[in-house]
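Guided by the hints, dock chain B onto chain A, whose structure is given.
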Amino acid sequence: MDWTIAAFLAADAVQNGTIYALLALALVLVFAVTRVILVPIGELLVFAPLTYVFFLPGEVSGLQLQGAIPGTAWLSAGMLAVWAVLDRAAPRRAGVLLGGALAVLGLAWWGAHGVPLWLGWIFAVLIVFPIGPASYRLFFEPARNASVLTYLIIAVGLHFAYQGLGLVFFGPEQYRLPPILPGQTAFGSVPINNQAFLVYGFALFAMLGLYLFFTRSLYGKALRACAVNRLGARLLGINPAQAGYVSFGIATLIAGVAGMLLAPLIQPAYFQGFLLGLKGFVAGILGGLISYPLAVVGALAVGGLESWASFQASAFKDAIVFTLLLPILFWRSLRSREVEEEE
Amino acid sequence: MKRALIGLLALGMGLGLAQQAPLKIGVVVSATGPAASLGIPERNTMVILEEQVNRRGGVAGRPVQFIVIDDASDTTQAVRATRKLIQEDGVLAIIGTTTTPASLGMIDPAAEAGVPVISLAANLEIVYPVDEKRRWIFKTPQTEQQMSTPIVQDMKASGVKTAAYIGFNDAYGEGWAKAFEAAAKEAGITVVASERFARTDTSVTGQILRILSRNPDAVLIGGSGTAPVLPQRTLKERGYKGLIYQTHGVANPDFLRVGGDNVIGTRLPAGPILVFDQLPSSFPNKNVAQSYVQQYEARYGIGSYSTFGGHAYDAWAILRPALERALKKEQTSNLAAFRKVLRDEIEATKGVVGTHGVFTMSPTDHLGLKFQEAAVMVEVVKGEGGKLDWKLVRTFR
Chain A
350 MDWTIAAFLA
360 ADAVQNGTIY
370 ALLALALVLV
380 FAVTRVILVP
390 IGELLVFAPL
400 TYVFFLPGEV
410 SGLQLQGAIP
420 GTAWLSAGML
430 AVWAVLDRAA
440 PRRAGVLLGG
450 ALAVLGLAWW
460 GAHGVPLWLG
470 WIFAVLIVFP
480 IGPASYRLFF
490 EPARNASVLT
500 YLIIAVGLHF
510 AYQGLGLVFF
520 GPEQYRLPPI
530 LPGQTAFGSV
540 PINNQAFLVY
550 GFALFAMLGL
560 YLFFTRSLYG
570 KALRACAVNR
580 LGARLLGINP
590 AQAGYVSFGI
600 ATLIAGVAGM
610 LLAPLIQPAY
620 FQGFLLGLKG
630 FVAGILGGLI
640 SYPLAVVGAL
650 AVGGLESWAS
660 FQASAFKDAI
670 VFTLLLPILF
680 WRSLRSREVE
690 EEE
Chain B
24 MKRALIGLLA
34 LGMGLGLAQQ
44 APLKIGVVVS
54 ATGPAASLGI
64 PERNTMVILE
74 EQVNRRGGVA
84 GRPVQFIVID
94 DASDTTQAVR
104 ATRKLIQEDG
114 VLAIIGTTTT
124 PASLGMIDPA
134 AEAGVPVISL
144 AANLEIVYPV
154 DEKRRWIFKT
164 PQTEQQMSTP
174 IVQDMKASGV
184 KTAAYIGFND
194 AYGEGWAKAF
204 EAAAKEAGIT
214 VVASERFART
224 DTSVTGQILR
234 ILSRNPDAVL
244 IGGSGTAPVL
254 PQRTLKERGY
264 KGLIYQTHGV
274 ANPDFLRVGG
284 DNVIGTRLPA
294 GPILVFDQLP
304 SSFPNKNVAQ
314 SYVQQYEARY
324 GIGSYSTFGG
334 HAYDAWAILR
344 PALERALKKE
354 QTSNLAAFRK
364 VLRDEIEATK
374 GVVGTHGVFT
384 MSPTDHLGLK
394 FQEAAVMVEV
404 VKGEGGKLDW
414 KLVRTFR
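Sequences listed follow chains A and B, in order.
Read in this note's numbering, the first sequence has 456 at position 107, and its numbers run on one by one without any break.
Read in this note's numbering, the second sequence has 134 at position 111, and its numbers run on one by one without any break.
Note that these hints are calculated values from the structure, not bench results.
A virtual CB, placed ideally from N, CA and C, is assigned to each residue, including glycine.
Don't take every hint at face value.
Which chain B residues stay away from chain A? Per the calculated CB distances, all over 10 angstroms, these [what the hints assert, rightly or not]: (1) 147; (2) 194; (3) 233; (4) 352.
Under the rule of at most 20 angstroms between Cα atoms (straight-line distance), these lysine to aspartate or glutamate pairs were calculated in the DMTMM-like manner [as the list claims (entries may be wrong)]: (5) B:363 - B:209; (6) B:405 - A:436; (7) B:410 - A:408.
A short list of chain B residues far from chain A (calculated; beta carbon distances all over 10 angstroms) [to be verified]: (8) 103; (9) 136; (10) 179; (11) 209; (12) 222; (13) 223; (14) 229; (15) 250; (16) 283; (17) 357; (18) 372; (19) 416.
Excised from the complex, chain A in its bound form (with noise of 0.2 angstroms):
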């Protein structure tokens, strides 16, 4: 390995973990103030530019869908249109969102009857985003105060979901999908796609937003309260199921234009999300689940590790990447010292 070959990784290292550290981002805050990991992040990720792909003119993406509607629209606006029924104790709440049912499929029609690429773009995030703060509605919500374990296997049983839907939506095939800022730049010998810009101009503003958010702002300070102590923070009259939809609803969107950004640099397909989101998952357990800088670092370690292993040894670099996860569970598991299980 020279020096030329070892820049390329490392810029591929980048590239890869800078999605990664976006994804461990939004696990983390997800986890923090609601105890759920959420393993369905990949599918939500994916989701998105596959909506888009519905979006856009035949000769672009290659296909003929004759205004079809996406798939996942109809599944945001069920759950909005379940969502609006459960609460309809709150006639107003209920109302806004069946207003916002019906505004995503007008959404998804519209789009889906020709739009400029980057209204498309905008749609295709609007439409992914409610299905994030629904599925904390419909499923997490009503096995409130349960343990660690019971969210995880809720989640789990989301990405089963989530990925069969993924499925039926959009076939069992991969898509092209058009790069904002096509073409490449050249660092010294390293030539970077520069859409690749586009994801780390993303990483960087989400992070900086996140941390002015929960530093800055009452909403993030009490969602920050929420993830310290949750009864603490509700005797202070924070609502731990708003805190609940906000921290889902920052996370989807955050994986929703993460994906947006990425898809033009891999080909989505519905199976490609959950990788992703377990690749993302073992950056934020390198942090806990609790410290942000520590996910990122993990993030761009993961990145690191994945590059080098497709190198030098391409037929072991999944298992090379997952086998990570058992050092460092054994020295957080010799650093940790209170005992498990909250309530």
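For chain B alone, kept in the frame of chain A given last:
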């Protein structure tokens, strides 16, 4: 009036057929899951065939019933489906399944019960060596070995001295690695790198860098479906100028759709059906392939056919005459004995012209294809209107 008459006639024929118990054939395909782009045309083909056979009076006057089960590209489900078809449905024979690992899994239950199976998967190990268990197993798709030979011949003709390989880290990729390395060695081509990637990978930069650092004249990518676009795209992005070969696992329209400009110039060995309209008229299976494609497109739309449905068509082309001969020798009510006779008749298949080649089986060869008729070299070209298409480069007859 005319319509009503035809309806009555069809009803009468249907009743006539229904009087006899149908000949049950089990079909296992991967209609969902990662191999679905292969499995769906196979299932569609079986649907067409079942209608067609029964409309024309069935096999030896008896209706045929295909019991189709989807294994979701999963070995466990394929094995379970096999057991169910044998024990609960009492099928005479089984066609399937789509993928190599699942087909390997079906060998044991089928051999235990003594049921002939015609697999639709590529790997040679499904039917070779023909031992006590594999006596019952046949298959229709070309093996990696048969497809490696045309690749290596084409490489030699193009002046390639060194080649690299990158393939799936599963049975498909491993099978190709072995077959390609053996064929290349024989032809005096040095394989300078052999890498693996996963279907679900979102980056293969590391593997591609390793290949580029060895500077090969050609790269073979061993994958199926649309996933092999990624290594090809990475090669192009990293400025690779040599020849890029793919396997027949990508011979479907989705590969062109996802690949776009990145896959122009790709060469791959494919069943002749892929370019049936460009074959010389002396090519033995041109007409069969043409008529199959016309039937398929009439039902599922122009441009919808892929080579995989052809494997299912060929399986039935072999099974049907074997069934007819077996029905003359044995009653289907004596199930175990009938299955045995049917196995012998499949093994006795001679000169059946299918969409992918001419099948002549023997006790040591349960595939019966010769690569000269079963493989042609195809290149991806940009046709008029910017549409990508398959172009016949050379045949090996």
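Verification of the hints:
1. 147: Residue 147 (chain B) clear of chain A: closest Cβ-Cβ about 21 angstroms, beyond 10 angstroms.
2. 194: 13 angstroms, holds
3. 233: Label violated. Min Cβ-Cβ 5 angstroms, cutoff 10 angstroms.
4. 352: Nearest chain A Cβ is 42 angstroms from residue 352 (chain B), so the label holds.
5. B:363 - B:209: Violated. Residue 363 (chain B) to residue 209 (chain B) sits at ~39 angstroms, over the 20 angstroms cutoff.
6. B:405 - A:436: Violated - the C-alpha atoms of residue 436 (chain A) and residue 405 (chain B) are around 56 angstroms apart, more than 20 angstroms.
7. B:410 - A:408: It holds: about 10 angstroms lies between the C-alpha atoms, which stays within 20 angstroms.
8. 103: 18 angstroms, holds
9. 136: 31 angstroms, holds
10. 179: The claim holds: residue 179 (chain B) sits with its nearest Cβ about 27 angstroms from chain A, beyond 10 angstroms.
11. 209: 24 angstroms, holds
12. 222: 8 angstroms, violated
13. 223: The claim is violated: residue 223 (chain B) sits with its nearest Cβ about 5 angstroms from chain A, within 10 angstroms.
14. 229: Contrary to the label, residue 229 (chain B) does not stay out of reach of chain A, its closest Cβ about 3 angstroms off (not over 10 angstroms).
15. 250: 7 angstroms, violated
16. 283: Its Cβ does come within 10 angstroms of chain A, the nearest being 6 angstroms, so this is violated.
17. 357: Label holds. Min Cβ-Cβ 41 angstroms, cutoff 10 angstroms.
18. 372: 32 angstroms, holds
19. 416: Non-interface label stands for residue 416 (chain B): nearest chain A Cβ at 24 angstroms, farther than 10 angstroms.
The structure does not agree with the numbered hints 3, 5, 6, 12, 13, 14, 15 and 16 stated previously, though it agrees with the rest.
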